[in-house]
Every structure is written in structure tokens, then in C-alpha cells.
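A.B. asks: Residue-level listing of the chains:
2 protein chains.
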Amino acid sequence: MNNFEFMAPTKLIFGKDTIKRVKDEIPKDKKILMTYGGGSIRKNGVYKQVMEALSEHNVVEFGGIEPNPKYETLMKAVEIVKNENIDFLLAVGGGSTLDGTKFIAAASKFEGDPWDILIKGAEIKDAIPLADIITLPATGSEMNCGAVISRLSTNEKFPFMSPLVYPKFSIIDPTTTYSLPEKQTVNGIVDTYVHTMEQYATCEVNTPLQDEWMLGLIKTLMVEGKKVLKNPNDYEARANVFWCATCGLNYWMSLGCVQDWSTHMIGHELTALYGIDHGESLAVVLPRVWKNRKCDKMRKLAKMAVEIFGANEFLPKNILADITIKKTKKFFESIGRRTKLADYGIDRADAAKKISERFRQRGTVLGEKCNIGPDEVYEILMHC
Amino acid sequence: MNNFEFMAPTKLIFGKDTIKRVKDEIPKDKKILMTYGGGSIRKNGVYKQVMEALSEHNVVEFGGIEPNPKYETLMKAVEIVKNENIDFLLAVGGGSTLDGTKFIAAASKFEGDPWDILIKGAEIKDAIPLADIITLPATGSEMNCGAVISRLSTNEKFPFMSPLVYPKFSIIDPTTTYSLPEKQTVNGIVDTYVHTMEQYATCEVNTPLQDEWMLGLIKTLMVEGKKVLKNPNDYEARANVFWCATCGLNYWMSLGCVQDWSTHMIGHELTALYGIDHGESLAVVLPRVWKNRKCDKMRKLAKMAVEIFGANEFLPKNILADITIKKTKKFFESIGRRTKLADYGIDRADAAKKISERFRQRGTVLGEKCNIGPDEVYEILMHC
Numbered sequence: 001m002n003n004f005e006f007m008a009p010t011k012l013i014f015g016k017d018t019i020k021r022v023k024d025e026i027p028k029d030k031k032i033l034m035t036y037g038g039g040s041i042r043k044n045g046v047y048k049q050v051m052e053a054l055s056e057h058n059v060v061e062f063g064g065i066e067p068n069p070k071y072e073t074l075m076k077a078v079e080i081v082k083n084e085n086i087d088f089l090l091a092v093g094g095g096s097t098l099d100g101t102k103f104i105a106a107a108s109k110f111e112g113d114p115w116d117i118l119i120k121g122a123e124i125k126d127a128i129p130l131a132d133i134i135t136l137p138a139t140g141s142e143m144n145c146g147a148v149i150s151r152l153s154t155n156e157k158f159p160f161m162s163p164l165v166y167p168k169f170s171i172i173d174p175t176t177t178y179s180l181p182e183k184q185t186v187n188g189i190v191d192t193y194v195h196t197m198e199q200y201a202t203c204e205v206n207t208p209l210q211d212e213w214m215l216g217l218i219k220t221l222m223v224e225g226k227k228v229l230k231n232p233n234d235y236e237a238r239a240n241v242f243w244c245a246t247c248g249l250n251y252w253m254s255l256g257c258v259q260d261w262s263t264h265m266i267g268h269e270l271t272a273l274y275g276i277d278h279g280e281s282l283a284v285v286l287p288r289v290w291k292n293r294k295c296d297k298m299r300k301l302a303k304m305a306v307e308i309f310g311a312n313e314f315l316p317k318n319i320l321a322d323i324t325i326k327k328t329k330k331f332f333e334s335i336g337r338r339t340k341l342a343d344y345g346i347d348r349a350d351a352a353k354k355i356s357e358r359f360r361q362r363g364t365v366l367g368e369k370c371n372i373g374p375d376e377v378y379e380i381l382m383h384c
Numbered sequence: 001m002n003n004f005e006f007m008a009p010t011k012l013i014f015g016k017d018t019i020k021r022v023k024d025e026i027p028k029d030k031k032i033l034m035t036y037g038g039g040s041i042r043k044n045g046v047y048k049q050v051m052e053a054l055s056e057h058n059v060v061e062f063g064g065i066e067p068n069p070k071y072e073t074l075m076k077a078v079e080i081v082k083n084e085n086i087d088f089l090l091a092v093g094g095g096s097t098l099d100g101t102k103f104i105a106a107a108s109k110f111e112g113d114p115w116d117i118l119i120k121g122a123e124i125k126d127a128i129p130l131a132d133i134i135t136l137p138a139t140g141s142e143m144n145c146g147a148v149i150s151r152l153s154t155n156e157k158f159p160f161m162s163p164l165v166y167p168k169f170s171i172i173d174p175t176t177t178y179s180l181p182e183k184q185t186v187n188g189i190v191d192t193y194v195h196t197m198e199q200y201a202t203c204e205v206n207t208p209l210q211d212e213w214m215l216g217l218i219k220t221l222m223v224e225g226k227k228v229l230k231n232p233n234d235y236e237a238r239a240n241v242f243w244c245a246t247c248g249l250n251y252w253m254s255l256g257c258v259q260d261w262s263t264h265m266i267g268h269e270l271t272a273l274y275g276i277d278h279g280e281s282l283a284v285v286l287p288r289v290w291k292n293r294k295c296d297k298m299r300k301l302a303k304m305a306v307e308i309f310g311a312n313e314f315l316p317k318n319i320l321a322d323i324t325i326k327k328t329k330k331f332f333e334s335i336g337r338r339t340k341l342a343d344y345g346i347d348r349a350d351a352a353k354k355i356s357e358r359f360r361q362r363g364t365v366l367g368e369k370c371n372i373g374p375d376e377v378y379e380i381l382m383h384c
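Respectively, the protein sequence lines represent chains A and B.
Take the first sequence: its letters are residues 1 to 384, numbered as in this note's numbering.
Take the second sequence: its letters are residues 1 to 384, numbered as in this note's numbering.
Chain A with its partners taken away, still in its complex shape (with noise of 0.2 angstroms):
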């Protein structure tokens, strides 16, 4: 196991009926920039219930952050926090416009061009605190530093973290998710699985716990996720699998391991490039990156082929590996998601040569062994 430091700041408040907790946890005197997506939490009620809650609290609205959220948009938020003296900020909705508040709430108080953040990873030395009420089980977003944001005009998708854009308190009420529809449900399945997957599915160092409970998320999204396709008002399912996307992204399960994340940095530049969803580019890319670096990952994906596809113990460890890879693109298939680049109208040819003349140029490498750089990612993306 590696060595480790961790810490969980963010105060989690989970179950039916929560929403009306936000009026307590923040205090009287704060001015509120309440931020919002596409508008979905007015017909959910959710918009409602949490204007109800603060309707002592003195609240201004910021809506429209997209799937994706853009720069250019999110830079807007910040001069209406710099206009109006805002000192707390509440995003309403999902991990797009959660991610995007983190970034509002570093840009707000950055000396310097916001931008630097996400393309040089400029330091963060200050932040509005922010806090969510998050109804989509996807990111991860509430209980971590982390935040992914877009930028249009250049066509480009970057991550930072900050500890300092930890949510205050996250609150989660499973009921809110009933009315998601089936494509941003199956989107985050699929999401949660790389996730995990991305921590999991890794060079070996001994982390036995670790491993246990990163293949039982997987085993319990599995089955759990199967039961919200198919009765979307199912409290229980839609309740775990919601704590199955949280815990897939607070780091908590995979403490003392390596990680990988080229599944997602290749990804968000399909995001980028081709605007198709987080989530749909995941499955196209998992599988091959799997095929791709299988030697550094052989023992983790066999394992995973024995506890989780119930494959013979006995069978070589290339096969089982393999078995992995096969059963994954099957599951991410049954709930509905395709896996070829194909499939979304995307020429592997382009990808493969854009992305990997993007990564060249940047001289990026991924992988836990860093040892994916451009002439992998190109191979990578031909195969998907």
C-alpha cells in the first residue's frame, strides 16, 4: 500500500425529505448566489422546495450552466459575484453545475486570468465557499475538490482541484432523481463504473481492502442500476445507486492505491471535439485502453472477471483479463449505451490524430505507469 493523506471536510446530509436542511446550514448573513442548470429544477419542484427553505436568506439567481459547463458562461456568474458581494455560493442540480460553481467560487478571487487554472493548474489561494443540493448520481462532484470545465471558443475540456472547493455540506435526496431522464441515468451508471474502474483497474500494490470495496460498488451498481432503469420510482435503488456515485469519486475507496484517468483524459477531448456526453465517451473508451495497457492491468481485471463475472478462478489470467474487458462492453451495452466511436457518428481516424497531435503538442502522458503518451492514444482511438 502507498503511503496516504486524506481528509473528507464536506458534511453530508443524505435521504428522503432533506432539502428543507439548507435553510440551518447556512448562516442568515450570507448573500446566496444560487446557481442552476437548464431550468430542470423548476419542473422537478426541487426549485421551489429550496426557495421555500431559504426564503429568509437573501438569495440571488444565476441559471443556464450547461452539461459541460463553459468558461465563458461560468466567467459571467463571477462578475455578478464580484457586482453584488456575493460571500456564499449554492449550486442546485447536477455535476455540470456543481463543477462549474467550484470554478466561480476560485475564479471569484483570483488575481490573474481565471484561465490559468485549468491550463497551467495556477494555484489556488482563496475561494467563496460553496455548498451543493446535488440531484444527479454522475461526478461525484459533492463530496470532492475536484471540477472538469470546458472552454468554446478553443473547443477544449481541463480538470483542477482545490481543497479549497471542497462543498461546505452536500445534500442528496434520492427522491429527486425520479424524474431524470433515462439517457442522464444511464450516463451516470456508466460513469460511476469508470470511475471506479479508473482506480480500480490498475498496476498492483497490495491494497486488499481497497480492492474489495471498489469491485463491491461495482457489483452493487450493477444490480442496483439494473433496478432504477427499470422502475425509475424504486426509493431503495435510486437511493444506492446514488451512494454508489458519490463514493466512486471521493477518493475514500482507493486511498494507498496507484490511479490511471486516461479513460477520462481522452474522453474529454471526445467531450471537446465532438460534443458527445461524458458519459458515452467513457464506454467507447474503457474497453480499449484496457486492451491497450492489459499487461499493467492483467491481475486487477482478472480478478475482477472472477468476483464480479463469476469466471473460473483456474482459467489464465490473459483470458480472464479478457473476459473483464468483453463483459464490461456487454453491461455498459445492456443499459443502453453504445461503445464504438461509430456508433456517434465519429471518425476514429480524426479522433485518433486530432487527440493524439492534441496530447503531443502538450506533452502529455496518462496511465498509472505514465506510460500512455500520443503514439497509445492514437492506437487507443483507432481501435475504438
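None of these hints come from the bench; they were simulated from the model.
Do not take every clue at face value.
If chains are identical, the list can't say which one is meant, so a pair holds when it fits in one copy or spans any two.
Lysine to aspartate or glutamate pairs mimicking DMTMM-like chemistry, simulated, CA-CA at most 20 angstroms apart [to be verified]:
hint: 1; residue 1: K82; residue 2: E111
hint: 2; residue 1: K183; residue 2: E333
hint: 3; residue 1: K327; residue 2: E72
hint: 4; residue 1: K20; residue 2: E379
hint: 5; residue 1: K16; residue 2: E5
hint: 6; residue 1: K11; residue 2: E66
hint: 7; residue 1: K219; residue 2: E307
hint: 8; residue 1: K340; residue 2: D234
hint: 9; residue 1: K16; residue 2: E204
hint: 10; residue 1: K20; residue 2: E5
hint: 11; residue 1: K70; residue 2: D343
Let chain A serve as the given structure and place chain B on it in line with the hints.
C.D. replies: Relative to chain A, chain B alone:
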């Protein structure tokens, strides 16, 4: 899944060669009371490492905190805290030292008789900040806000909890456990096993992810526990066992579950009255609580028989539950922990009478369904 609220404010620093980090984690202007136990930290080199790291800090020492830390001893430390204007506590050693230090932190700021914290659950409104360098994998105290304190004059032992006694940070260097006496290593494994079971083996409230995690911990603990007993200097196994112990009682795994804790409450009385080790008392009581409440815990015990002990899932649940009870006892015995009161020279009739009478006087009912009253406690102990 039940609604829940959670926060884990303690900063964890885990791994080889991490003790020196204490230097940067405590502000230089603090006057520290460093607490420890019977002096094992002088033999294993931890004392020297800490004192070197804190050479620029102002440190007062308080040694001699016993296993099952005594109120009488701790109150002497409270005097020192007040007289010396101590404003930071650093516990160095095992769970007893840390639990005692949590009590010192609360009692030093308490108005009135600090025994009320334990006997009346009096509210803790303030506490001195504390942190720890924990050297014994067992109590999980390093990442929770609870502690258990004994009183010599009345042979009593009570737990208390308060968010104000979360450690600010906990440093865990698994190499410090190489020199543990085998008995303590065994007690720590039993303690971790039973902590996990108090949270897992309950009535069912639909928590599949949590169940996977708790069973995953047991699976890991059984394998890695045997490794450390065979080879005390196996770093990886020591690290894995320590991580199991920390996770066994930070409540992360069981959020949204119901919890039992009757084995602990009965075990505390056995320790208070007869002086047997905490780990010994748990190994005796757990299987008999399960026998007594098998009807409530049937599904969970049956699932464990299949997933942990490889039993045939088509056997009747009743039989499967019995397999888990029997195999758990066997596991304790296989690592050298005896499981009958008579093994420790305790007369079960005497214990049954005295302890059930104590619970009757206090009006105590135990268990996740609050259906273990004095009569059930009497019956349980008569089978120990």
C-alpha cells in the same frame, strides 16, 4: 437505506516514516500535553521520533494512562492542563491513550463534575483540540469522536461521543506495530472484527453497498490478520490490518445502516467487573448475542456464511446463520483468542446475575431493535 448525516473532519496521514510530520501539523505557538501509556513508546522508538520532531515546540508530558483508561488517572491530567495552560493534546500510543485523551480534552473545559459526561451523557460544549500518533490497530478511535472510560472506584465503564473530540489529525505509521505483543495484535483483530459486525449483523434495511464493504473488510482482516501473526514484520500485512481497524470504526462503511453494539455494552461490563481484556470480552459475547437474536439477524448472518465462509447458498437461512456463528468462533480460536467465560476463570452465573442486574437498575435495553433487555442479557451470559 436510512437517512444519514456524516462528516470525517480528521486529517489522516498514513504510511511509512510519517511520524515526523507531526512537526508541521501543530502550530508552534501551542503548549502541548503529550499523553502516553505504560511506556512501550520508549522501547519501540516512537517517543524519540516524536520528541525530535517536536524539538521546537513547548511540550509537557503525561504518561501512565492504563488500558481501559481510568477516570481517576485522567483527572490528574486535567489538573495539569489547567495549571499549565495547555492548549493542545497529543496522544501517542494505543486506543486507550487516545480515548483517555479525548476525555481529558472534554473534561478540562467542562463546568461541573466531568463524570456526568459518562454517567448522564452531559453535553460537551467545548474541548481542547487534540490529535494523535496511533500505534495500535484496534479501536478505530483515530477517526471517530467516541471514547470509552472506566472508573476504578465503582468498577464501571462507559462510552461517550462528541464532535468536539474528533482528532485534528491522526498519524498512522504501520511499522510502529512490528513490536506489538502478540496478545495485543490478536485483541486488535478481534476488536476490528466485532466493530464491523456490530454494524453489519443487524436487521436488514437494504444497504447492499455497505454490506459489500463490511464483508470485504472481514475477508481482508481474516487473511491479513493471519499474515501479521505469522510474520510480525510484514509491512504490507501490517498496513492492511491497520487500515481495516481504522475503517472498522469510522462509521463510513455503515452509513444508512442500523447498528447493534450490544456485544460491546455487555463486554464493557465484563471488563469493568472482572478485568478481562476488551478483545477477550468481545470474543466471548458476540457468538452468544447472535444465537440469542438469530431471528433478527438471520438474513445478514446467512449472507455472510455464503460470501465469507463459502457455504452453499441454497441451504436454509437458519443453517447458514449457524455456520457464521460457528465459523466466527473458530476464527477467534484459530488466532488464539478463547471464547468461553470459564477460559478466563469467570463464573458465568455470577456474571449473568451481576450484569443483568446492573442493566435492570440503569433501565438499559440493547440491540438495533432495542429488544435485548436484562432478561436477554442474563440468558446470553448464561450461554457464555
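A.B. asks: Each hint needs a verdict: does it hold in this structure or not?
C.D. replies: Status of each hint after checking the structure:
In this homomeric assembly, K82 and E111 come within 20 angstroms of each other (Cα to Cα) only inside a single copy, at 13 angstroms, whereas the closest approach across copies is 45 angstroms. In this assembly of identical chains, K183 and E333 lie within 20 angstroms of each other by CA distance solely inside one copy; the values are 13 angstroms within and 53 angstroms between copies. In the homo-oligomer, the alpha carbons of K327 and E72 never lie at most 20 angstroms apart, since the shortest distance is 40 angstroms inside one protomer and 61 angstroms across protomers. For a Cα distance limit of 20 angstroms, the shortest separation of K20 from E379 qualifies neither inside one copy, at 51 angstroms, nor across copies, at 46 angstroms.
For the identical chains of this complex, K16 and E5 are inter-copy neighbours only, at 12 angstroms across copies versus 33 angstroms inside a copy, given an alpha-carbon limit of 20 angstroms. In this assembly of identical chains, K11 and E66 lie within 20 angstroms of each other by CA distance neither inside one copy nor across copies; the values are 26 angstroms within and 34 angstroms between. Proximity of K219 to E307 under the C-alpha cut-off of 20 angstroms is found in both arrangements, the shortest distances being 9 angstroms within a copy and 13 angstroms between copies. For a Cα distance limit of 20 angstroms, the shortest separation of K340 from D234 qualifies neither inside one copy, at 31 angstroms, nor across copies, at 46 angstroms.
Taking the shortest Cα distances, K16 and E204 sit within 20 angstroms of each other only across copies (18 angstroms), while inside one copy they are farther apart (39 angstroms). When the C-alpha separation of K20 and E5 is checked against a cutoff of 20 angstroms, the pair qualifies only between copies, where the shortest distance is 14 angstroms, while the shortest distance within a copy is 34 angstroms. Proximity of K70 and D343 under a CA criterion of 20 angstroms is satisfied in neither setting, with 26 angstroms inside one chain copy and 69 angstroms between copies.
Going through the hint list in order, the structure does not satisfy hints 3, 4, 6, 8 and 11.
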